[in-house]
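Undergrad: Each chain, written out:
2 protein chains.
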Amino acid sequence: MAIKQDIRLAVDAVIFSFAANIKKVLLVQRKNDPFKGQWVFPGGFVDDGENLETAAIRELEEETSLRMENLSQLKAYGDPGRDPRGHTVTVAFIGQVNADAVKTKAASDAEAAKWFDLNDLPQLGFDHSEILKDAIKFFKK
Amino acid sequence: MAIKQDIRLAVDAVIFSFAANIKKVLLVQRKNDPFKGQWVFPGGFVDDGENLETAAIRELEEETSLRMENLSQLKAYGDPGRDPRGHTVTVAFIGQVNADAVKTKAASDAEAAKWFDLNDLPQLGFDHSEILKDAIKFFKK
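If you read the sequences in order, they're chains A and B.
Residue numbering for the first sequence follows this note's numbering, beginning at 1 and increasing consecutively.
Residue numbering for the second sequence follows this note's numbering, beginning at 1 and increasing consecutively.
Honestly, the hints are just simulated from the structure, not real lab data.
The model shown is predicted, which means the values in this text are computed figures rather than measured ones.
Please note: incorrect hints may appear among the correct ones.
Heads up, the list lumps identical chains together, so a pair's fine if it works in one copy or across two of them.
[Stated by the list, open to error] Below, a list of computed lysine-lysine pairs in the DSS-like style, where the Cα atoms sit at most 27 Å apart:
1) 23 <-> 4
2) 31 <-> 4
3) 4 <-> 140
4) 4 <-> 36
Isolated chain A, as found in the complex (with noise of 0.2 Å):
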């Protein structure tokens, strides 16, 4: 398409477990920069031809070895200052398991993988703090 755009797209997977009452998010530990050993949600970009959700549970899979069959679609986040590389648009999925019941193992271009409890967080790269509020707020409706 003669249209040009050097904006670039990926999508995260924000994946809760509500398992006895302990309520956890899983995170996966960056292994290069930007954002380099912080957490952040499992994500990346898009392929050429690709779903937005086949994207989100590729890269789920991908990174923590979990498999979702479908994810709910949350939001896209736009502002064009949110990677430090460049302009990217990321549309963020949601998806719940149970974490006791799955195993998770990181692998591809993450460092770890790991179920936090809400009530302890890290500090996240990027501006996933921002989405998980949203994703949050998504569950408690």
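Take the given structure of chain A and dock chain B to it, following the hints.
TA: The following block gives chain B in isolation, referenced to the frame of chain A:
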């Protein structure tokens, strides 16, 4: 950024009017292919460095002369086949005005801009029928 993607990012604005119990939606007639002559929501491509909502407000004004202060985000639509020109993801926004209290006038790449009764709609281009269904559900919440 090193990431190469062949994906375009667009926005669309679904503007309803519920005045005097007549439910209307604002559509524009496409001047160019694809879907030349068909009716669609005002919209277009996001500029580099531009916020999604800002882009939707800008495209709405460029194509219909209607100036909205803010819009709500509905959803991102990313089926790779939704635009025959190539993989294009659109983020749809919605807003509400009183059609009798505002002026609209086709401009930019819109052949015409017109309010349509929701009970008497033309065939919509792209996947805009699906977007309209979601937008109607959103307002019924």
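Undergrad: Let me make sure I understand: some of the numbered hints might not hold for this structure. Which ones are they, in numerical order?
TA: Violated: hints 1 and 3.
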